[in-house]
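Listed here are the chains, written in short residue letters.
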Amino acid sequence: MSTSELLHIRDIGVRFGGLVAVDGVSFDVKDGELVGLLGPNGAGKTTLLRLIAGVVTPTTGEIHFRHERLNRLSAAARARRGIGLSHQIVRPFRSMTMLENVILAAGSEITSSPWRAMATLDRTHLRERALECLRMVDIADLADKMPSTQPLGVLKRLEVARALAMRPQMLLLDEPLAGLGHSEAVKLADLIRDLNRTGVTIVLIEHNIAEVMRICPRIVVLDNGHKIADGPSVAVMEDPAVVEAYLGEGASHA
Amino acid sequence: MGAYETSLLMLIAINVILALSLNLISGLCGQVSLGHAAFFGMGAYATALLAKAGVGLALTLPVAAVAAGALGLVVGLCSLRVRDDFLAIATMAAGFLFLGLVRTSEALGGELGISQIPDAGLGAAFPYFVVGCAVLTGLLCAVVKHSWLGYAFDAVGADEVAARSIGIDTPKYKLAAFVLGTVLAGVAGCLYAYYLGAIGAEAFGFPVSVMILAMVVIGGMGSLWGSVLAATLLTLAPEWFRFINDYKLLVFGLLLFVMMRFVPGGIVPWILVRVRRPQREGSR
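Heads up: the protein sequence lines correspond to chains A and B, in order. So in my numbering, the last spot in the first sequence is 254, and the numbers never skip. So in my numbering, the last spot in the second sequence is 284, and the numbers never skip.
Just so you know, the hints here were simulated from the structure itself, not pulled from any lab data. Yeah, the Cβ is synthetic: ideal placement off N, Cα and C, and Gly gets one too. You can take every hint at face value.
Distance ranges between label pairs, derived from CB positions: (1) A:LEU19 <-> B:GLY100: 34 to 44 Å; (2) A:ARG167 <-> B:TYR247: 52 to 62 Å; (3) B:ALA158 <-> A:GLU62: 27 to 37 Å; (4) B:PHE206 <-> A:ALA140: 42 to 52 Å; (5) A:GLU132 <-> B:GLY123: 53 to 63 Å; (6) A:ARG72 <-> B:GLY121: 51 to 61 Å; (7) A:SER113 <-> B:ALA124: 37 to 47 Å; (8) A:SER113 <-> B:ALA125: 30 to 40 Å.
Make a model of the complete structure from these sequences and hints.
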């Protein structure tokens, strides 16, 4: 393992009943990388992201983050160690304002134990930090609005802001651009690239291949739970195996 | 104040503690419980047994609280794997299990219950003590609600997956809610045993669990003043209208249904929204 290595995955696999969702996948992510995770529907991308975040427990293999074995750690413990996950389907806390959503995430130190949480009354000292996160995704002016009144594009940004509030070392984004219009998608993709340039390592799943090619220097492709390609984005997208997985058998010969 | 009013006031105070304690679990943390009377009963039986053995209030109260909290921890641990309607059934089962054990146990007096429990030894100050406990419970709940604990409870109740992804250890928080809420129910049970001087299994059955839940829902899930108000009203109603007493489960069940259908937020939030709205419109 080199020192710049952040995430180290060896031979990871999981099965749900008889269905093998992810099988023998290995790859590493270096500190500061921006990696696109591609693959057809049902390839196991979301499952792989959830394996890293700890929402799903692997049946085989090893996951290490900053040289620490993660396998047995809960999702909450991994989140506190610096792995942020933004969900494919937005999950804001609808009883709180947008800002309160982010403040709660910014206070993950406080909520690490119920007793510490009970002893802490002040919610204002993290306000600035939370606002900063909302500013980073360009929705600071909507801070006091309730999530249920906001369009999907805003809620997608809220997901990212909430993940950022935990000051993650690595951000896992599950289809951050899905459901957005073209200009909105381009804006959010730019924002993801900018975030990466500030030093946050990012792994993202995205079906919008044009945007992935534009912002991700490296792409990993999954198909049927197996890794079929991994490398610089242009080379990967020209790989016959990848073209075949996407367009069907024989397409690469056409 | 006459003896009747004093007695009624104590009953109200005990029910306020019960409603607030369930509000912690169901209102603030979003975990349904249909067996809350069991923890109330645990506190009452622990107190009755100890008091009859000659132990004083200074020890019975903490023991009742810890016993109920320990039972709460066990039920909470069993409930970690289930959610929503399954949690409702699991907690209901815990309530029936408690009732079954009490009814068949010789040591707990079986169907006859335990009578001639010595008084708390506070004399005329006992009613003040009971009301004081209710006030302290209210303050504790206010601290919980406004602290980061209440903040995190809100998140756990709303969306567990999202709560976990921002670092909140949801099982720990659910257990904290169960333990805190059941400890308080144990305190209510202790006060109730001293207040009546005799307890029987029927005081901790399913209708009582429904009554406590009705108080929380009618007052408004998560609203502390709502729980206080609804507990007061639902304690007074059977006193004022005797027929309600005969059909408690029916009346409270109907009230629950009507509230869930027409005013799902509960009374106090419903009133607050209507009081605040004209002000906001006026300020524009």
